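Single-letter residue listing:
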Amino acid sequence: MPVLRYEGRSYALQANESVLDALLRNGVRAAYSCKAGSCGSCLMRATEGVVPARAQAGLKDSWKVRGYFLACVCRPESDLTVTTVGPDVQLGATITALDLLSHNVMRVRLRCDAPLDFRAGQYITIVREGGLARSYSIASLPDESDLELHVRKIAGGKMSGWLHEVAKVGDRVSILGPSGECFYVPGKGDQPMLLVGTGTGLAPLYGILRDALRHGHHGPIHLFHGALHKNGLYLVEELRRLAEMHRHVAYTPTVLNGSESDGMAVGPIDQVVLKRFPKLNGWRGYICGDPALVQSLKKKLFLSGMASRDIYSDAFLPSAQTP
Amino acid sequence: MQPTTEQSLFEQLGGEAAVNAAVDIFYRKVLSDDRIKHFFDDVDMDVQIAKQKAFLTMAFGGPSNYTGKDLRTGHAHLMERGLNDSHVDAVIELLGESLRELNVPEHLIAKVAAIAESARADVLSR
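Chains as they are written, first to last, in this note's numbering: chain A, 69 to 391; chain B, 37 to 162.
Next comes chain A alone, as it looks inside the complex:
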């Protein structure tokens, strides 16, 4: 079995064991959150040895060259010497605004210490002192002065609880990223677009929608935002205004339980969408939010004629529990 070297010690890797799991098993306090190669909080750097390609998927080329990798999905096939990454990959940021958008969604605005190169719809990972890390999608556009995140309060959630109840304007955090492939790609400006999200799955879609408009997208854009009840919807007035200002933009708030008299569609969001648009040949789709919905709706859009290469998605994975 390959040997892992870290801070002068050697650890024998078990069969198919990740670098992160090996470190945690040996009592090393290593940072992590999603354990799925997504959030970036377990980023490490290899100083000797070969990093499997899977552990560098999605990283910037300049990082790959320097040996950066994600420890949670790194299963070395030969000996590897690794080191923690310094603040050189994290960016400092200041909280500039905290506004409640609904009973459980907080809009968090952040100003970064240096410009962040991102696309609306990608996500960043917020890191607090002590290594607590959580990922949030970016709802703002690159030319806006502050980053905008929509943070749903999760029962017992460490980061969301802090942002909702403790954090105040002026507090400092670090951010990692951006990451993610779910964003507007310019070109095919006449292509009809379908945007479907539940809960704070609206955040990336809000960014993608406005980014598409900024790029002059002129094909029809239909946004469906779903929630269990009416009180789970947010930014309703802003989105209605946006749809009124742009003839090719349509916004359909959708609730599982409620009444159609409020100007909302009622029912499971996938059924609402497919009833309205049973044929999706030539469309482009963005689906964000609940992982089960994302997975099943992707298939349904595909079976309704949408090409696989035109389907973009971001499933919001919960943070992994401490082993």
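Covered, in the sense of this in silico footprint (three residues per stretch, anywhere, with C-beta under 8 Å from a C-beta of chain A), are these stretches of chain B:
#: 1; stretch: 61-68
#: 2; stretch: 79-92
Heads up, simulated BS3-like pairs for lysine-lysine below, C-alpha to C-alpha not over 30 Å straight-line:
#: 3; chain 1: B; residue 1: K87; chain 2: A; residue 2: K368
#: 4; chain 1: A; residue 1: K256; chain 2: B; residue 2: K89
#: 5; chain 1: B; residue 1: K89; chain 2: A; residue 2: K368
#: 6; chain 1: B; residue 1: K87; chain 2: A; residue 2: K256
#: 7; chain 1: A; residue 1: K368; chain 2: B; residue 2: K73
#: 8; chain 1: A; residue 1: K368; chain 2: B; residue 2: K65
#: 9; chain 1: A; residue 1: K128; chain 2: B; residue 2: K89
#: 10; chain 1: A; residue 1: K132; chain 2: B; residue 2: K87
#: 11; chain 1: B; residue 1: K65; chain 2: A; residue 2: K256
#: 12; chain 1: A; residue 1: K132; chain 2: B; residue 2: K89
#: 13; chain 1: A; residue 1: K347; chain 2: B; residue 2: K73
#: 14; chain 1: B; residue 1: K87; chain 2: A; residue 2: K347
#: 15; chain 1: B; residue 1: K65; chain 2: A; residue 2: K347
#: 16; chain 1: A; residue 1: K343; chain 2: B; residue 2: K73
#: 17; chain 1: B; residue 1: K89; chain 2: A; residue 2: K347
#: 18; chain 1: A; residue 1: K128; chain 2: B; residue 2: K87
#: 19; chain 1: B; residue 1: K65; chain 2: A; residue 2: K343
Negatives, chain A to chain B, calculated, CB over 12 Å:
#: 20; residue: G160
#: 21; residue: D181
#: 22; residue: G238
#: 23; residue: E328
#: 24; residue: V334
None of these hints come from the bench; they were simulated from the model.
Keep in mind that this is a model prediction, so the values were computed, not measured.
Ideal Cβ placement from N, Cα and C applies to all residues, glycine included.
Here the structure of chain A is known, so what remains is to put chain B in place on it, guided by the hints.
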């Protein structure tokens, strides 16, 4: 290319472009087929599309990294769920239907089916 050189099957089919043209058609048939669609209920579509492209590349006689061991380990969990000859038959049939939709001549479809057939023993761990 010299006119006397015989093109490979992969080249005759149109190479990678043919794989990209066929993958959505083929995978839509797979996901809609009552005989086999249940094997794909809980798999992520993006991951599966990538696997289907690898499979089609192999079946088209293209550059492929598939090994018998990969096919055995990759399908072992499906064997526990009852994967058998009838499901392999269905996949080969849907592959042929997909190529027919793309107007691929029958003699080339037969060659693709023969390559897919050659994977049967590994897929079914025999």
